[in-house]
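Protein chains in written order, with this note's numbering: chain F, 118 to 453; chain Y, 118 to 453.
Note that these hints are calculated values from the structure, not bench results. No experiment lies behind these values; they were computed from the predicted model shown. By construction, the Cβ of each residue, glycine as well, lies at the ideal position given by its N, Cα and C atoms. Do not rely on the hints blindly, as some may be mistaken.
Stated by the list, open to error - Below, computed lysine to any residue pairings styled on SDA-like, alpha-carbon distance capped at 25 angstroms: (1) F:Lys374 to Y:Ser366; (2) F:Lys374 to Y:Asp250; (3) Y:Lys158 to Y:Glu136.
Said to hold, decoys possible - Among the chain Y residues that face chain F by a calculated CB cut under 10 angstroms, a handful are: (4) Asp263; (5) Tyr284; (6) Glu287; (7) Glu386.
Number of protein chains: 2
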Amino acid sequence: MKIVVDAFGGDNAPLEIVEGAVQAIQKNKDLEIILCGKTDKIKEILNGRDERIEIVDAQEIVENSDHPTEAIRKKRDSSLVRAYDVLKEREDVVGLVSAGSTGAILAGAIMKIGRIKGISRPALAPILPTKLDNDVLMVDSGANVDCKPINLLHFALMGSAYYSIIYNKENPRVALLSNGSEEGKGNELVKETYPLLHNAPINFIGNKEGGDYMSGEVDVMVADGFAGNALLKGSEGAVNAVLSVLKKSIKSHFSSKIGYMFMKKTFNELKQRIDVQGRHAGSPLLGCKKLVVKNHGSCNRINICASIEQTIKLHEKHLIAEIENSLVKLNLAEGE
Amino acid sequence: MKIVVDAFGGDNAPLEIVEGAVQAIQKNKDLEIILCGKTDKIKEILNGRDERIEIVDAQEIVENSDHPTEAIRKKRDSSLVRAYDVLKEREDVVGLVSAGSTGAILAGAIMKIGRIKGISRPALAPILPTKLDNDVLMVDSGANVDCKPINLLHFALMGSAYYSIIYNKENPRVALLSNGSEEGKGNELVKETYPLLHNAPINFIGNKEGGDYMSGEVDVMVADGFAGNALLKGSEGAVNAVLSVLKKSIKSHFSSKIGYMFMKKTFNELKQRIDVQGRHAGSPLLGCKKLVVKNHGSCNRINICASIEQTIKLHEKHLIAEIENSLVKLNLAEGE
Numbered sequence: 118m119k120i121v122v123d124a125f126g127g128d129n130a131p132l133e134i135v136e137g138a139v140q141a142i143q144k145n146k147d148l149e150i151i152l153c154g155k156t157d158k159i160k161e162i163l164n165g166r167d168e169r170i171e172i173v174d175a176q177e178i179v180e181n182s183d184h185p186t187e188a189i190r191k192k193r194d195s196s197l198v199r200a201y202d203v204l205k206e207r208e209d210v211v212g213l214v215s216a217g218s219t220g221a222i223l224a225g226a227i228m229k230i231g232r233i234k235g236i237s238r239p240a241l242a243p244i245l246p247t248k249l250d251n252d253v254l255m256v257d258s259g260a261n262v263d264c265k266p267i268n269l270l271h272f273a274l275m276g277s278a279y280y281s282i283i284y285n286k287e288n289p290r291v292a293l294l295s296n297g298s299e300e301g302k303g304n305e306l307v308k309e310t311y312p313l314l315h316n317a318p319i320n321f322i323g324n325k326e327g328g329d330y331m332s333g334e335v336d337v338m339v340a341d342g343f344a345g346n347a348l349l350k351g352s353e354g355a356v357n358a359v360l361s362v363l364k365k366s367i368k369s370h371f372s373s374k375i376g377y378m379f380m381k382k383t384f385n386e387l388k389q390r391i392d393v394q395g396r397h398a399g400s401p402l403l404g405c406k407k408l409v410v411k412n413h414g415s416c417n418r419i420n421i422c423a424s425i426e427q428t429i430k431l432h433e434k435h436l437i438a439e440i441e442n443s444l445v446k447l448n449l450a451e452g453e
Numbered sequence: 118m119k120i121v122v123d124a125f126g127g128d129n130a131p132l133e134i135v136e137g138a139v140q141a142i143q144k145n146k147d148l149e150i151i152l153c154g155k156t157d158k159i160k161e162i163l164n165g166r167d168e169r170i171e172i173v174d175a176q177e178i179v180e181n182s183d184h185p186t187e188a189i190r191k192k193r194d195s196s197l198v199r200a201y202d203v204l205k206e207r208e209d210v211v212g213l214v215s216a217g218s219t220g221a222i223l224a225g226a227i228m229k230i231g232r233i234k235g236i237s238r239p240a241l242a243p244i245l246p247t248k249l250d251n252d253v254l255m256v257d258s259g260a261n262v263d264c265k266p267i268n269l270l271h272f273a274l275m276g277s278a279y280y281s282i283i284y285n286k287e288n289p290r291v292a293l294l295s296n297g298s299e300e301g302k303g304n305e306l307v308k309e310t311y312p313l314l315h316n317a318p319i320n321f322i323g324n325k326e327g328g329d330y331m332s333g334e335v336d337v338m339v340a341d342g343f344a345g346n347a348l349l350k351g352s353e354g355a356v357n358a359v360l361s362v363l364k365k366s367i368k369s370h371f372s373s374k375i376g377y378m379f380m381k382k383t384f385n386e387l388k389q390r391i392d393v394q395g396r397h398a399g400s401p402l403l404g405c406k407k408l409v410v411k412n413h414g415s416c417n418r419i420n421i422c423a424s425i426e427q428t429i430k431l432h433e434k435h436l437i438a439e440i441e442n443s444l445v446k447l448n449l450a451e452g453e
């Protein structure tokens with residue numbers, strides 16, 4: 118199986134990206150990787166470890182400050198655009214992994230690869246931990262900040278298919294983000310979307326509030342990308358805020374420092390529960406004709422390796438076919 | 118000074134509400150309170166402590182399940198509607214405190230009291246702690262789920278005036294919730310609102326993401342009520358999720374239990390930082406002609422007392438006049 122990796126996207130590129138690719142190659146005997154970026158730098162890091170690794174040279178880099186569609190159009194010799202060219206032109210390349218600019222990854226996916234037929238908008242679907250042992254998916258987390266009900270319906274179908282695959286869970290619980298759990302609550306978009314989700318071939322459990330996001334009661338939270346982004350980042354920020362207050366207080370009391378040593382197990386468990394990036398490094402761009410997995414800009418080699426393996430799994434479990442199937446089921450349900 | 122209190126709104130009514138009113142009376146020598154609700158029950162709780170307390174009888178109760186505007190129209194003998202009647206009809210009554218249904222409190226404010234001239238929509242403005250020593254205000258938190266740019270402009274003016282008063286801070290930092298901090302990021306609503314806030318007589322610090330909400334860098338976060346609600350409740354939920362994971366883990370490890378005893382100081386500090394309800398029990402409904410302060414449904418006597426004192430402070434510091442002033446300044450700025 119072949120996967121293309123943007124070796125020059127992300128804060129820790131190219132070192133961590135290339136090392137992550139090497140790890141993935143070592144762990145997966147049938148994997149081949151195409152690294153896009155400056156050949157000499159990549160070779161320097163590889164230092165001979167080039168088994169099943171091909172390099173496609175690209176001299177430019179897409180920056181976070183670049184305008185996304187402009188960058189895809191004009192930076193033709195960038196590592197991201199070259200990676201998209203490889204994904205587009207080579208049939209045997211099944212997916213792309215990048216830790217570069219979210220906007221540019223999204224623009225590239227739409228401009229170079231295109232949407233699955235019937236899907237109105239691709240969506241970004243990152244995962245957050247909950248207070249229980251499960252994780253929760255947010256779809257959309259910011260790729261689409263102005264949405265119509267049909268977009269949210271497609272987010273729900275795609276999110277459900279994706280969650281099923283990565284957690285091996287049939288009929289994950291899909292909720293619609295609202296400002297109250299009762300039917301009839303919500304803004305105009307939510308009110309119009311509710312009946313669509315209710316009639317869709319998914320396990321729709323109704324409206325849920327932002328406070329339910331990390332409760333463990335929801336598997337897939339569907340939202341327009343603006344509110345979804347606010348909820349996702351707000352939750353992350355709140356977790357960080359609590360940890361920051363704890364840290365500061367522990368440092369300022371001698372007894373707390375001692376207590377902290379006794380509580381190492383507990384803080385490690387918390388850290389593990391929170392570290393969703395370790396479990397699912399990447400967020401897929403759901404709805405594209407080929408697999409595109411976006412990494413956090415700050416990711417390291419472990420995350421990159423995890424994202425490559427996630428791409429393998431999504432390919433082997435036929436994510437794209439599953440999404441197409443759910444569209445067929447939807448059409449059948451609507452035709453009834 | 119006279120304040121009217123809905124004695125039968127909230128999960129712990131009437132006991133906690135009446136006791137909270139008694140506390141406020143004991144602490145504030147110039148305060149008079151009008152309690153609305155079932156006279157016999159209120160008298161039973163007061164048990165003779167009726168100095169500077171008047172009772173206005175009301176036999177009905179507005180439930181959370183009632184349709185808000187219907188409830189205001191039809192439940193004329195409810196504690197909430199009677200309280201609004203008192204607020205409306207008696208000039209010397211300066212504010213209303215209720216822990217009842219948010220929707221009904223909002224509907225009553227609009228139908229019975231009316232908006233400040235020039236304010237397009239009243240807004241709910243609750244407070245959350247940050248990881249630093251300051252608190253952050255969210256306006257709007259769910260009263261208005263479909264907004265126009267002019268609404269957000271008014272939220273910003275009102276939030277700024279309110280924050281200034283309760284924290285005694287001039288020119289609080291007002292941010293606009295978006296999915297990226299750069300100008301130009303955001304949905305259509307945010308893009309259209311940005312220049313309005315930029316030109317308004319406030320300390321506008323630009324777009325901020327959901328993750329910045331509890332960072333301590335923002336005093337007033339302006340958002341449409343849908344995204345604002347998602348962010349506010351998501352942040353609260355995330356804090357609870359972290360505490361829940363910690364609690365569970367502490368219980369399951371002996372060493373952590375010991376550690377917890379040493380860390381009591383730190384957990385108390387965290388609790389105190391988080392307990393914003395203790396500091397600011399109520400959320401004012403900004404933009405009404407008279408002061409309306411809404412309490413959390415689960416509030417206790419301490420919170421009710423704090424809300425009554427908050428209402429006193431907002432009256433003494435002329436919140437409504439301050440909002441009117443900022444509208445005048447806005448018009449002057451626009452006329453330039």
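Hint check results:
1. F:Lys374 to Y:Ser366: Status holds; Cα separation ~18 angstroms.
2. F:Lys374 to Y:Asp250: holds (21 angstroms)
3. Y:Lys158 to Y:Glu136: Status holds; Cα separation ~12 angstroms.
4. Asp263: Holds, about 5 angstroms.
5. Tyr284: violated (18 angstroms)
6. Glu287: The hint is violated - Y:Glu287 has no Cβ within 10 angstroms of chain F, the shortest such distance being about 25 angstroms.
7. Glu386: Since the shortest Cβ distance to chain F is 5 angstroms, the answer is holds.
Hints 5 and 6 from the list above are not met by this structure, while the remaining hints are.
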